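Q: Line by line, the protein sequences are chains A and B. Quick note on numbering: our numbering labels position 134 of the first sequence as 134, and the sequence is numbered without any gaps. To get our numbering, take the position in the second sequence, counting from 1, and add 145.
FYI, nobody ran anything at the bench for these hints, they're computed from the structure. Mixed in with the good hints, there may be bad ones.
Said to hold, decoys possible - If we take Cβ atoms under 8 Å as the criterion, some of the chain B residues that face chain A in the derived model are: (1) LEU224; (2) GLY227; (3) VAL228; (4) THR229; (5) ASN231; (6) TRP234; (7) ARG278; (8) GLY321; (9) ARG358.
No experiment lies behind these values; they were computed from the predicted model shown. Ideal Cβ positions, reconstructed from N, Cα and C, are used throughout, including at glycine.
Single-letter residue listing:
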Amino acid sequence: MKARDVMRRDLTSVELDTPVAHVIYLLHQSGLTALPVVDEDGRVVGIVSERDLIRAVLPGYVEMLQSAAFLPSLDQLSRRLHEIKEKPIREFMVREVVVARPDDSDLHLADLMIRKGLKQVPVVDGANRLVGVVRRIDLLHRLRK
Amino acid sequence: MILTVTLNPTLDKFYWVDRLPLSLDQPEEEILIRSEKSLMSAGGKGINVSTFLSCHGIETAALGFLAGHTGQIILQDLLSHGVTANFVWIPGENRTNVTVIAHGREYHPLLIHEEGPPVSEEAMGIFLRKYERMVRRAEYVVFGGALPPGCPSDCYRTLVQLAQRAGSRAVVHAGGEPLVQAIPEGPFLVKPDVREELALWGMPVSSADEIVRAGKKAVEQGVQACLISHRVTGDILVTRDGVWELEARVPLATFKNLVGADDALVGGLLAALVRGEGLVEAARHGMAAAVASAGVEEKLCLDVNVVRSELDRVVVRRREGG
Chain A
1 MKARDVMRRD
11 LTSVELDTPV
21 AHVIYLLHQS
31 GLTALPVVDE
41 DGRVVGIVSE
51 RDLIRAVLPG
61 YVEMLQSAAF
71 LPSLDQLSRR
81 LHEIKEKPIR
91 EFMVREVVVA
101 RPDDSDLHLA
111 DLMIRKGLKQ
121 VPVVDGANRL
131 VGVVRRIDLL
141 HRLRK
Chain B
146 MILTVTLNPT
156 LDKFYWVDRL
166 PLSLDQPEEE
176 ILIRSEKSLM
186 SAGGKGINVS
196 TFLSCHGIET
206 AALGFLAGHT
216 GQIILQDLLS
226 HGVTANFVWI
236 PGENRTNVTV
246 IAHGREYHPL
256 LIHEEGPPVS
266 EEAMGIFLRK
276 YERMVRRAEY
286 VVFGGALPPG
296 CPSDCYRTLV
306 QLAQRAGSRA
316 VVHAGGEPLV
326 QAIPEGPFLV
336 KPDVREELAL
346 WGMPVSSADE
356 IVRAGKKAVE
366 QGVQACLISH
376 RVTGDILVTR
386 DGVWELEARV
396 PLATFKNLVG
406 ADDALVGGLL
416 AALVRGEGLV
426 EAARHGMAAA
436 VASAGVEEKL
446 CLDVNVVRSE
456 LDRVVVRRRE
466 GG
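Just chain B, same shape as in the assembly (with noise of 0.2 Å):
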């Protein structure tokens, strides 16, 4: 079973428009966009690699913080997705994290993202517990996306203290001081997030040898496994044995909604890893996973055919070891 652990879920709204106003600062009117389309559905980087997880057949079960009838909804949302849920209810009410996309600017969406209600030491007791039951059950656990207000920056770090002591693999889908201080008890995998900030340690993860240089002080800090993004369609991938490149041959203009591409990557890999690919071939499966999420509406792709037949768009190139 793979768990995954969202302390700040989401509702994630989606907007289709034709165009988008070329500024929204200092508007001499009221805005008005019309949307032709919108979809809504539960998100957070834990909880969509748990609902891309159960949509391809992998066991999985999504742990965190719901709150009032946003929480309700995501809730909802992922039991019809058949994610197992063990979730802690606290007051208030869950984020809504909007994405507006407007055509020929798929990857360059409006996005208004909310907060999320802060979390008690109380409920962070009661989440503990729920936590330390569950991850004894779990051959993997995914922590993923930002902290929630109230929420210690070293929690991931003790969460995966707890995972690694329960015998259970640590990946670690987050960004900022959270992962940075989380890497030094030796996840297995980590995902940084560097949508905010093209940089790790204060070090800048734009280029390719930037990239492996980071995930070179990753692994040796003591993670088993660093995968970063390389602009939209490639990725690198560093492990105690050598380097990787992945590039997804697709051309960008099929892309339709980049939101959550990342989150299938690592349910991809996650699934493949739990039907036995070794890493590298996983990670190319999390990427075909990625592609096919990118090339449709919806934030996930959650037909196995599609991402299957993504795979053969994936190469994969030794850049160092072995």
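Bound conformation, chain A alone (with noise of 0.2 Å):
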């Protein structure tokens, strides 16, 4: 099986000037866990996920010390978001993207997730443009008939 044949067609993307109010909105719209970031060819040039938005309102040492139990609540939190949040999101957005090309296996793709610990992967085709995303439910359910 190839990655064409369990990826999602689904290309819902931002841009690089894209605020991160707007991308927090599509994630939680769209119900993907991260978007990828699209230049004006559609190329795939960074991918932004639900963790990086909390490690960039995230104190730096609660990174560190991997617990929120130190923080007295979130206010400090939804603060820093009120700050961030007309921000483009290429401030915030992971640069090296981890792709898969229609081509690929099966058991590659499900290599580079494990390896990489990744929820989703986008799938490019040789221009680099997005033409779908496999996620791990995707590989899943396939896995399954």
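Both chains come to you apart, so use the hints to assemble them.
A: Spelled out as structure tokens, the structure:
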């Protein structure tokens, strides 16, 4: 089975200058956990996940301690989110994107997801343009059949 | 690749009932209509064309606006049919269009159509950027259906302009003012939707002569081809080279659901064009797709063999030109 057989042909994505607030809105609406960031030609130039956004608003020590138990409340996060909501997503996205090609095997996809700890992988064509997304559940669903 | 634009998608719900009350007006008591069967699918003209094309092996992508839970269902349905989806999410809820079909009255169903969520200027800006990216990859782009609230009536005109600039052939499958405004831009094909009013530019399009007159006016204004429905089983194709009448020799009693047949027609025509057929022959393929779709309870006939089997029943006659 190839990536093209298992991928969702859903091109939901954001642009480099999309504000953080809109990215959160889109993640909520679409039910996706990450969104590819594309340039004016539809080429994937980054990816932004819920985790990247959480990291952007959490104080550094929380990440270091791997616990939010030291936070008195979520007010600080809310304030920080308010500060960055109009900022472009290019400031918070991950630029080194792990992508798959439509002809990649299911085994290669599974290996990528396990090794890199990814929930979803964008699939791109020869010009690096987004053509779909493979989520972990898509692989599991196909393997079940 | 064929791109379709559906600015006001819908969740189409079909109910089959034994019979409808003679009048729904001023009922004396609550009306309960039990449905023996129901179906639900993603809809809107462009979406229907994409669904048809994808199931017939043609690469296609659908664009437009999605909203709310209904939007999620529309998206899942499209993806399950192999359509590439690239929508803008907006607040609210996509519309639901209900069709109630009573036995023996298949071509006079009861229709309830919602308006759909409004589209803001900001959302339209996001859509236009997506559209400009996608249209460069498209051989044809189909604009289908009614515009949502908040969308300017010259919207299709703008989108046709951008398609022409990108080297993509535009097909406008819509009615009313949005269609009339798009025609002077010279789209490749127009398929006027005259369900609500049998008129184009105020000209009636009931008789064959009236249809030919309106079709010629569209061609004079720059359209390469105009295809207009003439009665249930006929269509008239007007191009710069002539006028053709297409007729499906099928008994009306075999029709089970006419909703979507027009969209199957556009899908079948485009699929044939992509496979290298000429325009007149492609229109015959489109008519076969429409007849096949009208003959099944589902909105669209997605079985390639059934569509192919209807081809022999569609005859084409040159009416003028050549």
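Q: For every hint, state whether the structure bears it out.
A: Hints, verified against the model:
1. LEU224: holds, 5 Å
2. GLY227: OK, holds: GLY227/B within 8 Å of chain A, min 7 Å.
3. VAL228: Result: holds, 7 Å to nearest chain A Cβ.
4. THR229: Since the shortest Cβ distance to chain A is 4 Å, the answer is holds.
5. ASN231: Since chain A brings a Cβ to about 4 Å from ASN231/B, closer than 8 Å, the hint holds.
6. TRP234: Holds, because the Cβ-Cβ distance from TRP234/B to chain A comes to roughly 4 Å (cut-off 8 Å).
7. ARG278: Hint on ARG278/B: holds, closest Cβ of chain A at ~5 Å, below 8 Å.
8. GLY321: violated, 30 Å
9. ARG358: Since chain A brings no Cβ nearer than about 42 Å to ARG358/B, farther than 8 Å, the hint is violated.
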